[in-house]
Amino acid sequence: MSKPTPSLTRRRFLEGATLGAAALPFRARSASAQAKPTITYWNGLTGADGKIMDELIDQFSRETGVRMEQQRIVWADLYAKLQVAVPADEGPDLALIHTVEIPHFASDGIFEPVADATASAKGFKGEDYLPSTWQGGMYQGKRYAIPLDVPQHLLYVNVKVMKEAGLAGPDGKPRIPGTRDEVLAMAKQITKGDTFGFAIGTTNPGRYTWGFHNLLWQNGANVYAADLKKSGLAEPAAIEVAEFWSSIQNQHKIAPPANANCRDAFIAGKLGLWIAGSWNFTGLRDAKVEFVAAPVPRMFKQAVVWTMPHQFTFPKKKAVDGAKRDGAWAHIRWMSDHVAEWTLKAGQVSALRKPHSDSRITGDPVLRTLLGQAGQWQSGQATPKWVAAENITRPVIENVYIGQKPAAAAMGELARQINALPD
Amino acid sequence: MKPRRGRRQGAFTPYLFLAPGLVLFAAFRVYPLLEGLWLSFTNARLGRAQQTFVGAANYARLLDDTRFHVSLLNTAYYTLASTVPILAVPLGLAVALNRGVALRTFLRGAFFFPFTLSVVTVGLTWLWLLDPVIGPSTYYLRAAGIPVRSWLADPSTAMWAIILTTVWWVTGYYLVIYLAGLQDIPRELYEAAAIDGAGGWRSFRSITMPLLRPVFLFVLVTHVIGSFQIFGQVFVLTNGGPGDATRTVVQHLYETAFQNFFHFGAASAMAWVLFLVILAFSLLQFRLLRGHTQY
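So the sequences go chain by chain: A and B. First residue of the first sequence: 1, per this note's numbering; consecutive thereafter. First residue of the second sequence: 1001, per this note's numbering; consecutive thereafter.
What the hints contain is simulated information worked out from the structure, not anything from laboratory work. Warning: the hint list may mix true and false statements.
Said to hold, decoys possible - Per label pair, the in silico range of CB-to-CB distance: (1) B:Y1059 - A:K253: 38 to 48 Å; (2) B:A1110 - A:H338: 48 to 58 Å; (3) B:G1145 - A:K173: 49 to 59 Å; (4) A:V74 - B:A1027: 23 to 33 Å; (5) B:V1277 - A:T118: 28 to 38 Å; (6) A:A409 - B:I1225: 36 to 46 Å; (7) A:A115 - B:L1022: 46 to 56 Å; (8) B:L1033 - A:G65: 48 to 58 Å; (9) B:A1076 - A:R360: 57 to 67 Å; (10) A:P406 - B:I1146: 43 to 53 Å; (11) B:V1277 - A:A115: 23 to 33 Å.
For each residue, glycine too, the CB sits at the ideal point set by N, CA and C.
Construct all of the structure, not just a fragment, from the sequences and the given hints.
Shown next, in the form of structure tokens:
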């Protein structure tokens, strides 16, 4: 009986290993030609819109082969994390941020500037966007971001509450207030027991700076004077807004307490007129609340609507990986091309003009209302101190709201605090 | 010679065993502490490429920072106001449970359960319970004809709402510590006192209280240290509001470091001031209670 030949002899093994090693570079080259990068992407879409983003990212990855590793972090924490991670070269390849964050991150060197030629070569041109959103991506003459969408305020009118207050027509449609007097009159008619007529803000209406800013802008005032050096909050127009802020709670008694959850109150049928962010409306639909979306009423001199556009930006890297950067650009391009789906599902109106004429969007009453406000959009001022000023505004306007501090004194003190903010 | 070398080697042995712990302690405790001390004398800010020595400027600035003063006062107020309920409520419950009431095991678990929850869960639960429009407390108070107020939006009640939340949260933890202390007291002392005609109150005052003094000291010191560092409950329930009525030092420090310009230098100075305050209070407590404590 002959000795059986082993299937893998030492000679065969060595031959195979040598051939395999020789073939490796060719394999690696052909793999790298086909391999798609994995992009790290940070954003603060922690609400219902995050799930929509997941779906769109899955679709993007299926269609392009570019994988995205998403980190969804509460906005405030996201910004702190960016500030820490990017200098340590641990930042993401792509981030979604709010427009007002651009000046301070740009001046700290956290974001990579984008040359106009590069943006243009990738197909992003100013004329395709609404001007305020495109401008919002700039700081001191340089572009740092590409706009995605325009979260904004609108007026939610609770149909059930309006009907109970006798503020609906024979057809069941609620009356829509367009001015401050109309808001006050209707809100007084609604307010009874634990049902309130009017509120601005989702939670903690007393310290809702975005609502306060909206009113400031409607009255021609702003946090900083035009030169962006001194605060404009001690000016009469700002004090007038602060007096109104106080009056809805203390004089007219039409607004819920400073720490109320206005969203839950609206869903529970305990709030009639509610100025809040557009990001709430898909949730209200899910909660089966009967509501009408209306433009933000003109409470002061001019009709202005607060907005806070989302922007794509490239956090700075010590060495840019070309494939990843291309992948990030591909994602921005893809999202821009599919932004109508984002609008329809997440309720955020596109910064691009083209989808605004999409019949699916114009056919939706809420989205139509949001688009109708485009001419009145305004955003925060382009100063690195904007966010810090916003943070110290909260407790001050809350003190005004609960009647702890007179409006004029509070605004004077706030202006002093803002002027003393360090560089 | 040999025995002497052996003794010398033996003297190092404990340090060899301690070394792993000491290295970790030095790396993760001592070094950050000293780094924080250094930062407090610089203009360090995240995003700033270079930091320069600014002397005591960050500390001098705290003298003018009115919001820091308010935060310090609020923190001291919280610490003082919460100490009595934190000492008394778990003690009362522990004494009751120690007497062998029915369902003792169940009740001990039930009281301890809130402490297993994270501070965010506790805060959100109480935020909902105390909601001025849709909260159950509002509903039942209104149903009972009691005037409803917004506990967390009223500067006179907001801090008390936070104290109530904290007491509910930590009572179970201190209750277990008190129970352990109570079970260490020999039963015969109570029996002898009873034979001598001592009633319940007299036994409590003359036996329980003195013999629980080490437990009191532990509860007091840990509670005061924790109270000066209070952050989570405030952050979730009021975010320092209404206005600055519940703003605490750590909240102010957090905002300075992570929200307003990332001023690590200024925030480190606040942290060191807080450290000195806590150190002073802890030394004071040890000094007041040490001499009378029976271990």
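Each hint, compared with the structure:
no., hint, result
1, B:Y1059 - A:K253: 38 to 48 Å, "45 Å, holds"
2, B:A1110 - A:H338: 48 to 58 Å, "52 Å, holds"
3, B:G1145 - A:K173: 49 to 59 Å, "38 Å, violated"
4, A:V74 - B:A1027: 23 to 33 Å, "30 Å, holds"
5, B:V1277 - A:T118: 28 to 38 Å, "53 Å, violated"
6, A:A409 - B:I1225: 36 to 46 Å, "37 Å, holds"
7, A:A115 - B:L1022: 46 to 56 Å, "53 Å, holds"
8, B:L1033 - A:G65: 48 to 58 Å, "49 Å, holds"
9, B:A1076 - A:R360: 57 to 67 Å, "59 Å, holds"
10, A:P406 - B:I1146: 43 to 53 Å, "31 Å, violated"
11, B:V1277 - A:A115: 23 to 33 Å, "52 Å, violated"
The structure shown violates the earlier hints numbered 3, 5, 10 and 11.
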